[in-house]
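Modelling step: build the complete structure from the supplied sequences, incorporating the hints.
The residues making up each chain are set out below.
2 protein chains.
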Amino acid sequence: MRPVAILGIGQTPVDEHWEKSLRNLAAEAVFAALQDAGLETADALFVGNMLSPLVDRQNHLGALIADWIGFWGKEAFKVEAACASGAAAVRAAILAVASGEIETAVALGVEKMTDTIGSQVTAALATAADADYEVEQGVSFVGLNALLMRRYMHEHGWKHADFAPFSINAHANALHNPFARLHDAIDVQAFERSPMVATPINLLDASPIGDGAAAVIVVPAEKVQPSHSRPRIRVLASTVATDSIAVHSRRDPLFLQAAFLSARQAYQMAGLLPEAIDLFELHDAFTIMAALSLEACGFAERGQAPRLALEGEITPQGRIPICTRGGLKARGHPVGATGVYQIVEVVQQLRGQCGPTQVADARIGMAQNIGGSGSTIYTHILQAEMW
Amino acid sequence: MRPVAILGIGQTPVDEHWEKSLRNLAAEAVFAALQDAGLETADALFVGNMLSPLVDRQNHLGALIADWIGFWGKEAFKVEAACASGAAAVRAAILAVASGEIETAVALGVEKMTDTIGSQVTAALATAADADYEVEQGVSFVGLNALLMRRYMHEHGWKHADFAPFSINAHANALHNPFARLHDAIDVQAFERSPMVATPINLLDASPIGDGAAAVIVVPAEKVQPSHSRPRIRVLASTVATDSIAVHSRRDPLFLQAAFLSARQAYQMAGLLPEAIDLFELHDAFTIMAALSLEACGFAERGQAPRLALEGEITPQGRIPICTRGGLKARGHPVGATGVYQIVEVVQQLRGQCGPTQVADARIGMAQNIGGSGSTIYTHILQAEMW
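Same order as they appear, the protein sequences are chains A and B.
FYI, in numbering that gives the first Met the number 0 the residues of the first sequence are 0 to 386.
FYI, in numbering that gives the first Met the number 0 the residues of the second sequence are 0 to 386.
Treat the hints with care, since some could be wrong.
Heads up, simulated SDA-like pairs for lysine to any residue below, C-alpha to C-alpha not over 20 Å straight-line [said to hold, decoys possible]:
hint, chain 1, residue 1, chain 2, residue 2
1, A, LYS19, A, LEU146
2, B, LYS158, B, GLN303
3, B, LYS19, A, ASP114
4, B, LYS19, A, TYR132
5, A, LYS19, B, GLN303
6, B, LYS19, A, ASP131
7, A, LYS19, B, GLU135
8, A, LYS19, B, ASP131
Per the computed footprint, the stretches of chain A lying under chain B, defined by three or more beta-carbons under 8 Å from a beta-carbon of chain B, are [what the hints assert, rightly or not]:
hint, segment
9, 231-241
10, 369-376
Hints in this document: simulated from the structure, not taken from any laboratory.
Where is the CB? At the ideal position from N, CA and C, for every residue including glycine.
If you want it as structure tokens, here you go:
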């Protein structure tokens, strides 16, 4: 594989974009990324999306968006891995460039979720779980995560308020991200008073859906020269692992085996240990997922991630800053786009563009995107190479 | 890119498999391909599928099928490019192996279409077209193709019966393919008497939907040694091009620009001319598509593909044999699986396994898979390397 780099990034705000269609959002993100990269166009388009067949009655997003953004005749297809579709598109772009077949690739994540009613979105999101053996029994996606959280609290003796720091950190960081969905600080009282969704998950444990698009430009590393004003962003590792799609099939549902495998392989590829990671954009679809990710990736002992959070170690000044731009919780979770937003945000940190939530001397950042309740997990590690 | 080869093939019959779920069909095809390759497992799974979110309420097929077939922890994701999803999965597998990242990849195409009522399938298939600018106007997928066929007949002076040889050849070849959906010979009278679907397309112009799965094993070419009994199947070219998704946006709707671009690039990569192709598994979703493909790929002049067919040149004994195992028309068209069936069939020809429809001395075969009404078009060229 030849080494690759991220040359440009682009994103739309995550919001209820009733005035923009899916293709409008996609174009906005791709054009922003191309402009950021100093390019007019690219050779191929890899689209991450989960829900457009169900919510927009539109398949075939590769050709649709390639046509709309003027990529006439060019390679384009969609990849889908539930909520990990965004990172899957990034990895598809990386493999295409690494193979030598493609010189400049766009990885785009796009999702349009708010044009339909909530119950339809809930049903659509449930297609990430096993239709025959989970959804058929009436369980929803948040319901599966609620089962995990309740068991985790029981096993490790945490109370619900102990998860508050995850949400508080995400909301605090999103205040400084103009692309975030939510811009309101919260405290423990607000966290505890929030309406229940599926016991013990309440509204402030859960990430909000939204419309949005994010894009990155992937190129061979040798084509990018670091400059005084901007480091070269090398892709040190791109990995993925899967686990059983049904949660009940797992030997140990409280350990994200796919996160462990994917992160371990990423550390090996990058030749480093978890201690070398300066920030970690993880997949906090629910507070319990943030906890399980930190543990599976080696940042906390089993059952101890809430302690890490309670001790302030997940803030931008902490030992392992997470969700530095708001995370899924407050930047928002436009499902098929989320994995690309995470990469965009890691690049912003490595470029030093994050203002009050900038992690000091950030050189190596990790992003992890989860599909289903831990079934498909992508890990990317990026490094800033200075002039 | 390092050279790659197809080591194994597997398929299920295309049929109404009411007794088997999508994952059952997938497993049957993958296990057959692994057995054919002499392997116990592989490193990654790339799934081509179009309709499962809509018809089966199931997304996330990568993790779902990886889990079901015992690919625990392994890389897996779904690619979607409408009816070209199968070839998109094959290309994703080829790029992954070519990059050096993956050693053995499974490309799987799978589709389960007959568990739901026909009108729902028609609506689901329409998601391959532009939801906002085509489907919104009430046009169906067959309706779009009917407009093209009527215009073609008007422009070039053909009558409907002139398209009969495409269907007659497909049905005749499928008689000898145990995996084909239809096993009945037809003649011109049957073709002309067939019930109308969307004027001028009648039932025997159109390919039948069906349930099915097909799989191929992609490996580095250097890992395969040709033997007396079986040639090595080299991938000489894997290409794709896109065109506007809406047919009305094209300057010349009767010329498949994406087929032309994709085939031209494939010929260049393979270093050969159309005359070198011994057989061509093309995408005859409708007879008009067979005609347009032959013309765009250089096998007939504009407007002259029906003449090629009328002169018998598309049969296994002709100048450019097409649909040698039945094509979409008679092998059947389980949409997201079709592109993989085509590759399986080319490999069967190159191995000399096709009995009465074997193309004599077949050394180089081409497959072309079309998504939408010509919007995404993949071309693969394979070569048999003898001992």
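- With a cut-off of 20 Å on the C-alpha distance, tell me whether LYS19/B and ASP114/A pass. Cα-Cα ~35 Å, so violated.
- Restraint check for LYS19/B with TYR132/A, where alpha carbons must lie at most 20 Å apart: holds (15 Å)
- Hinted pair LYS19/A and GLN303/B, Cα distance within 20 Å: violated (44 Å)
- Task: With a cut-off of 20 Å on the C-alpha distance, tell me whether LYS19/B and ASP131/A pass.
- Result: Since the Cα atoms of LYS19/B and ASP131/A sit roughly 12 Å apart, the hinted pair holds (cutoff 20 Å).
- Message: So is the segment 231-241 of chain A in contact with chain B by the C-beta rule, three or more residues under 8 Å, or is the coverage claim wrong?
- Response: Coverage by chain B holds here, the residue count being 3 at a Cβ distance below 8 Å.
- Item | Restraint check for LYS19/A with LEU146/A, where alpha carbons must lie at most 20 Å apart | Answer violated: LYS19/A to LEU146/A is near 36 Å, above 20 Å.
- Task: Below or equal to 20 Å on CA atoms is what counts here, so check LYS19/A against GLU135/B.
- Result: The hint holds at about 17 Å.
- Assertion that chain B covers the segment 369-376 of chain A - criterion: three or more residues, beta-carbon distance below 8 Å: Holds, because 4 residues of the segment 369-376 of chain A bring their Cβ atoms closer than 8 Å to Cβ atoms of chain B.
- Is the straight-line distance between the alpha-carbon of LYS158/B and that of GLN303/B 20 Å or less? Between LYS158/B and GLN303/B the Cα gap is close to 13 Å, so the pair holds against 20 Å.
- Query: Is it true that the CA of LYS19/A sits at most 20 Å from the CA of ASP131/B?
  - Reply: holds (12 Å)
Of the hints listed earlier, those the structure fails to meet are numbers 1, 3, 5, in rising order.
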